[in-house]
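Go by the hints and put chain B onto chain A.
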Amino acid sequence: MSSSDNPKVSSKIVYREESEGALLFDPDTGAVKILNDTGKFIWANLDGKTNRDSLVAKIKEAFDISDTKKVKEDLDKFLSDLKKLKFI
Amino acid sequence: MYSAPLNICFGITSRCNLSCKHCINRNIPHTDPDLTTEELFRVIDQLGDAKVFQVNIFGGEPLTHPDFFLIVERLNKYPIRLTLNTNGTLIDSKIAKRLKEHKIRGVTVSFDGSCPEVMDAARGVGTFKKNIKGIEALLSEGIYVLLSATLTKINYKDTRGMTMLGKKLGANLIRFNHVFFAGNAACFAKEIYLSHDEELGTIEEIHRLNKEFPGFIDNSSTYLCQRGKLEEMKDYEPAYDKISVPPCGAAQDKCNIRPDGWITPCEIIWEAKCGNLRKQSFLDIWRNSKLMNEFRKTLEIDLNTIPECKGCKYQLICFIGHRCDPYYYPGGIKDRSVYCWLNNDKKKGKVLDVVKR
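So the sequences go chain by chain: A and B.
Under our numbering, residues 1 to 88 are what the first sequence spells out, in order.
Under our numbering, residues 1 to 357 are what the second sequence spells out, in order.
Chain A with its partners taken away, still in its complex shape (with noise of 0.2 Å):
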């Protein structure tokens, strides 16, 4: 993921809110994946505008944590995990 890309959630994908978390779930192919709250507003924001650094600044607010690095790496496997089932 190179920070230039400014991910966005595919269209055919259902977003289900749920008492905790939530679930994402393609119709297509029937892949289903679970999201906690963390994940949730990071799904909230892939709306084509906000490129990797953005999401990293806010999920640091959001959130209060420091540790940038742990961000960016938690954050690169949650996108590859996404783009790998065809989410984003």
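Hints are computed from structural coordinates only; laboratory data are not their basis.
Yeah, the Cβ is synthetic: ideal placement off N, Cα and C, and Gly gets one too.
Treat the hints with care, as some may be off.
What the hints assert, rightly or not - Covered stretches of chain A (chain B as the covering partner; in silico rule of three or more C-beta atoms under 8 Å from a C-beta of chain B):
#1 6 to 19
#2 27 to 39
Claimed, not checked - Cross-link-like lysine to aspartate or glutamate pairs, in silico, DMTMM-like; alpha carbons within 20 Å at most:
#3 A/Lys-12 <-> B/Asp-92
#4 A/Lys-12 <-> B/Glu-101
#5 B/Lys-103 <-> A/Glu-20
#6 A/Lys-33 <-> B/Asp-92
#7 B/Lys-51 <-> A/Asp-76
#8 B/Lys-254 <-> A/Glu-17
#9 B/Lys-103 <-> B/Asp-92
Only chain B this time, still in chain A's reference frame:
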């Protein structure tokens, strides 16, 4: 608990063009008239609004419904993944093409024999020819086909034949399941239920086939699951006082809608009525039904109520599995499994005498 089920079995009609002895949803007692097409539409809208992910269209035989494609079109209004459960006998190339066009992603086809002598004995004269024609039509449209065999005294010796024919046809997967005891299967239990030795031999044969045809036998086949549990059992310490039984998928991530509007926790348990869609909303039943909530709990079973199960090494097979296994026994979901392994045929005899009919 999920806000709504992920998967639903949706029985759109109780009608069927066949009358198989092992059928679990034929001859269900205490049924009401089927939902009308308008009522089905209203149910579909509720499923769509609840963001249900997958709907398996069920019956009866769904393709006997005169409004089948109108019902599927209504489902197509929502981002729901659709699959179909059918006996395959009403499918020709035109129907297969329409199923593809209507985004039916996968079809489970009943498949109970590799030749007319076996399949027709299980499902009725002339079934084999139509069934194979249906499977071929689906596969030629590139639709994913899961062949589903229920093993009875009629066909249990034909598992190799069925596997080889399924492969030859180009099906994606084959599943071998036990008989369950609802509907016709309960009425004909004594005729079709395998003896303990037949059951054991079948478990080993399916295990062999799974090695011989890797990836072709569905892992969720009850016979493969039992083989796995026999392996696990080697390290299992049996309980003497009480046993905790975790919930299965029933009422957790799935439920079943019967053609008459009753909701049950899963498609195997047709008589556990949780609420009717003619009187309650879908989400009200899913979230608030007392019975549905019972199925979600871990059961604490007092083994003093089932003394023959105290310290039994087969507890892992009888208790830790699907709630439908004990459901048909007199004590219901708090009883032991119908598939008791202790004392083998002696117990089997008891099962056939007491199974709910």
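Hint-by-hint comparison with the structure:
Under the rule that three or more residues need a Cβ within less than 8 Å of chain B, the assignment of the segment 6 to 19 of chain A holds, with 6 such residues. Only residues whose beta carbon comes within less than 8 Å of a beta carbon in chain B count, and the segment 27 to 39 of chain A has 4; three or more means the coverage holds. Proximity of A/Lys-12 to B/Asp-92 is assessed by CA-CA distance (about 31 Å); at most 20 Å being required, the pair is judged violated. The straight-line distance between the Cα atoms of A/Lys-12 and B/Glu-101 is roughly 18 Å, inside the 20 Å bound, and the hint therefore holds.
Proposed proximity of B/Lys-103 and A/Glu-20 is contradicted: the alpha carbons are some 31 Å apart, above 20 Å. Between A/Lys-33 and B/Asp-92, the direct Cα distance comes to roughly 36 Å. Violation of the 20 Å bound is thereby established for this hinted pair. For the hint linking B/Lys-51 to A/Asp-76, the alpha-carbon distance of about 29 Å lies beyond 20 Å, and the restraint is violated. At roughly 17 Å between alpha-carbon atoms, B/Lys-254 and A/Glu-17 fall within 20 Å of each other, so this suggested pair holds.
Straight-line distance between C-alpha atoms of B/Lys-103 and B/Asp-92 comes to about 17 Å, which keeps the hinted pair within the 20 Å bound.
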